[in-house]
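Could you put together the complete structure from these sequences and hints?
Just so you know, the protein sequences line up as chains A and B, in that order. Letter by letter, the first sequence follows residues 1 to 329 of the UniProt record's numbering. Letter by letter, the second sequence follows residues 1 to 278 of the UniProt record's numbering.
The hints are simulated quantities; they were obtained by calculation from the structure and are not laboratory data. A hint or two may mislead.
Pair by pair, the computed Cβ-Cβ distance ranges are [to be verified]:
no.: 1; chain 1: A; residue 1: TYR101; chain 2: B; residue 2: ARG81; range: 29 to 35 Å
no.: 2; chain 1: A; residue 1: LEU313; chain 2: B; residue 2: GLU203; range: 40 to 46 Å
no.: 3; chain 1: A; residue 1: THR196; chain 2: B; residue 2: ASN82; range: 33 to 39 Å
no.: 4; chain 1: B; residue 1: GLY158; chain 2: A; residue 2: ALA183; range: 39 to 45 Å
no.: 5; chain 1: B; residue 1: LYS199; chain 2: A; residue 2: LEU256; range: 57 to 63 Å
no.: 6; chain 1: B; residue 1: GLY104; chain 2: A; residue 2: GLY297; range: 56 to 62 Å
no.: 7; chain 1: B; residue 1: ASN82; chain 2: A; residue 2: PHE221; range: 26 to 32 Å
no.: 8; chain 1: A; residue 1: TYR128; chain 2: B; residue 2: THR74; range: 36 to 42 Å
no.: 9; chain 1: A; residue 1: TYR128; chain 2: B; residue 2: ASN82; range: 51 to 57 Å
no.: 10; chain 1: B; residue 1: GLU203; chain 2: A; residue 2: LEU184; range: 50 to 56 Å
no.: 11; chain 1: A; residue 1: PHE79; chain 2: B; residue 2: ARG133; range: 40 to 46 Å
no.: 12; chain 1: A; residue 1: TYR195; chain 2: B; residue 2: GLU69; range: 31 to 37 Å
no.: 13; chain 1: B; residue 1: ASN87; chain 2: A; residue 2: TYR195; range: 32 to 38 Å
no.: 14; chain 1: B; residue 1: ARG133; chain 2: A; residue 2: SER144; range: 56 to 62 Å
Values in this document were obtained by computation on a predicted structure and should not be read as measured data. Quick reminder that beta carbons are idealized off the backbone N, C-alpha and C, glycines included.
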Amino acid sequence: MPEQLAFTIEVFLNGLMAGVLYALVALGFVLIYKASGIFNYAQGVMALFAALTLAGIIDGQVPFSHLINAILGTDIHHFGWHVPAFLAILLTMVVMIGLAYAVQRLVFRHLVGQEPIILFMATIGLAYFLEGVGDLMWGSDIKSMDVGLPQGLNTWIDDTTFNAFGYGFFIDNLDIVASIIAALLVIGLVMFAQYTKQGRAMRAVADDHQAALSVGVSLNFIWILVWSLAGFVALVAGIMWGTKSGVQFSLSLIALKALPVLMLGGFTSIPGAIVGGLIIGVGEKLFEFLIGAPFLGGATENWFAYMLALIFLVFRPQGLFGEKIIERV
Amino acid sequence: MLDATPTPDAQVETLLEVNNIEVIYNSVILVLKGVSLKVPKGGITALLGGNGAGKTTTLKAVSNLLHSERGEVTKGSIKYRNEPVHNSGPADMVKRGVVQVMEGRHCFEHLTIEENLLTGAYTRSDGKAAIARDLEMVYEYFPRLRERRKSQAGYTSGGEQQMCAIGRALMSRPETILLDEPSMGLAPQLVEQIFEIVKSVNENEGVTFLLAEQNTNVALRFAHYGYILESGRVVMDGPAADLRENQDVKEFYLGMSDEGRKSFRDVRSYRRRKRWLS
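This is the structure we're talking about:
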């Protein structure tokens with residue numbers, strides 16, 4: 001096999017893996033947008049907040065320690081224990097559900113029936129608020145996250161491909177795990193939405209608030225449920241990104257990469273978020289490798305996704321899988 | 001007819017009692033100005049009147065769907081089985097057995113017909129078997145829905161959507177259905193068919209109906225008792241058979257007259273006087 005082709009395939013595979021992470025963030029957007037029509041700008045920050053909380057809990061950090069120390073003149077930082085990863089993930093999930101409840105109770109309940117732009121502004125406020133709270137609770141230093149996911153070169157793939165093609169593919173174990181988890185997550189979410197009573201109610205609310213109310217569905221409950229699910233997805237995304245590149249505040253910026261993913265896949269489609277993520281991941285890696293680096297001086301990954309999204313907006317505004325507005329003739 | 005006894009039948013239990021309610025939207029717009037009515041158990045009661053008379057608002061006040069539209073019951077009381085309900089929330093009303101079929105169908109477009117029906121059973125907790133039985137019952141009443149059960153509701157016809165909406169309401173095992181304008185936008189033949197089904201659901205399942213309708217002719221043929229609303233007030237009420245024979249009703253709502261045509265201006269002033277008299 002020629003060197004160049006093998007390289008391209010490797011880039012393609014790595015692109016797929018990066019795409020999975022984009023897709024995970026985009027998924028959280030889709031969930032909330034579908035059920036409540038709110039475009040949740042804070043989704044990326046939620047992933048950051050989940051990752052911070054998880055890393056903090058595992059480390060046995062005292063939340064708000066800076067604040068406590070400043071007020072009481074004490075000097076505490078850590079409880080001095082390490083929480084097992086599994087338990088810490090559970091605790092973080094409890095925090096995310098609490099967050100969902102608080103957001104619904106304190107913010108969106110009072111904004112029912114308002115214009116989408118007002119709801120959007122509220123989520124921007126929420127994003128900055130959450131970023132601040134995350135900083136205050138856990139400090140702004142970069143944390144490493146280790147929940148026991150395998151990392152590093154997958155030697156099996158390296159060996160097999162080396163024996164077969166004379167060129168060993170470099171695939172990170174973490175990426176493989178991330179893909180599997182993302183796939184399971186999507187299957188789980190789709191099954192939930194499709195085959196359970198609450199999932200059906202969730203889709204019903206997405207279609208018609210008034211009608212959902214009229215059959216006795218509680219909008220508040222469904223919205224808390226959806227925000228909790230989005231919190232769960234944010235947690236998974238936070239774990240993956242955190243493990244990959246450390247828990248740092250730039251994590252919230254990955255939310256921006258989710259935007260072109262959504263424009264590609266459609267704001268209302270769970271499979272769309274996945275496919276969109278993969279296309280963007282593969283697209284930007286391949287473009288950089290084949291065209292960007294040799295001809296354009298590189299660094300095309302920064303803008304490729306947005307350009308692709310722009311093209312999509314012009315020719316297919318509802319995205320690849322977005323719900324068509326049903327119009328009967 | 002106006003001096004007919006306001007209570008339909010003293011022996012029959014009154015399920016729903018609306019007592020002199022006033023409804024205000026957005027804290028300023030007065031829509032209902034003292035509406036009172038009684039719905040007897042097991043009957044079909046019709047709420048008649050033109051556009052903006054307050055039929056839909058009355059139904060929504062009962063089903064508690066007003067709150068989500070910034071409407072509020074500011075005076076009077078609504079009692080279901082003698083318990084005050086006007087601040088209990090729509091989910092609670094469904095659990096009490098009162099479900100509304102909204103004007104304009106409001107099916108869940110992207111859900112299939114069957115999923116729509118199952119959503120109707122959201123508040124029930126009596127197990128899957130019972131729900132499956134009722135699904136079968138709905139399909140018996142609406143064979144058309146069985147054929148379309150796998151189609152997305154948004155792609156079905158207006159008549160099918162109306163059936164879906166009524167079937168969805170039935171899935172909650174209601175005691176009372178508030179049916180808003182079932183004839184809207186449907187061909188006369190379909191309207192007839194839907195009212196026939198309403199009648200048989202009423203007779204076979206013992207479901208009580210409170211029906212808002214502009215199509216006075218059809219409504220009075222199927223209902224047992226009727227109230228006529230105008231500008232947020234009840235202007236006339238009586239057994240459906242009496243209302244059908246009433247000169248004023250004939251003239252204004254059924255378009256029949258013994259005296260030939262009347263100019264619109266006369267009608268208006270006449271209606272206005274009538275309103276103050278009643």
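Status of each hint after checking the structure:
no.: 1; hint: A/TYR101 to B/ARG81: 29 to 35 Å; in the structure: holds (34 Å)
no.: 2; hint: A/LEU313 to B/GLU203: 40 to 46 Å; in the structure: violated (56 Å)
no.: 3; hint: A/THR196 to B/ASN82: 33 to 39 Å; in the structure: holds (37 Å)
no.: 4; hint: B/GLY158 to A/ALA183: 39 to 45 Å; in the structure: holds (41 Å)
no.: 5; hint: B/LYS199 to A/LEU256: 57 to 63 Å; in the structure: holds (59 Å)
no.: 6; hint: B/GLY104 to A/GLY297: 56 to 62 Å; in the structure: holds (58 Å)
no.: 7; hint: B/ASN82 to A/PHE221: 26 to 32 Å; in the structure: holds (29 Å)
no.: 8; hint: A/TYR128 to B/THR74: 36 to 42 Å; in the structure: holds (40 Å)
no.: 9; hint: A/TYR128 to B/ASN82: 51 to 57 Å; in the structure: holds (52 Å)
no.: 10; hint: B/GLU203 to A/LEU184: 50 to 56 Å; in the structure: holds (52 Å)
no.: 11; hint: A/PHE79 to B/ARG133: 40 to 46 Å; in the structure: violated (56 Å)
no.: 12; hint: A/TYR195 to B/GLU69: 31 to 37 Å; in the structure: holds (32 Å)
no.: 13; hint: B/ASN87 to A/TYR195: 32 to 38 Å; in the structure: holds (36 Å)
no.: 14; hint: B/ARG133 to A/SER144: 56 to 62 Å; in the structure: holds (57 Å)
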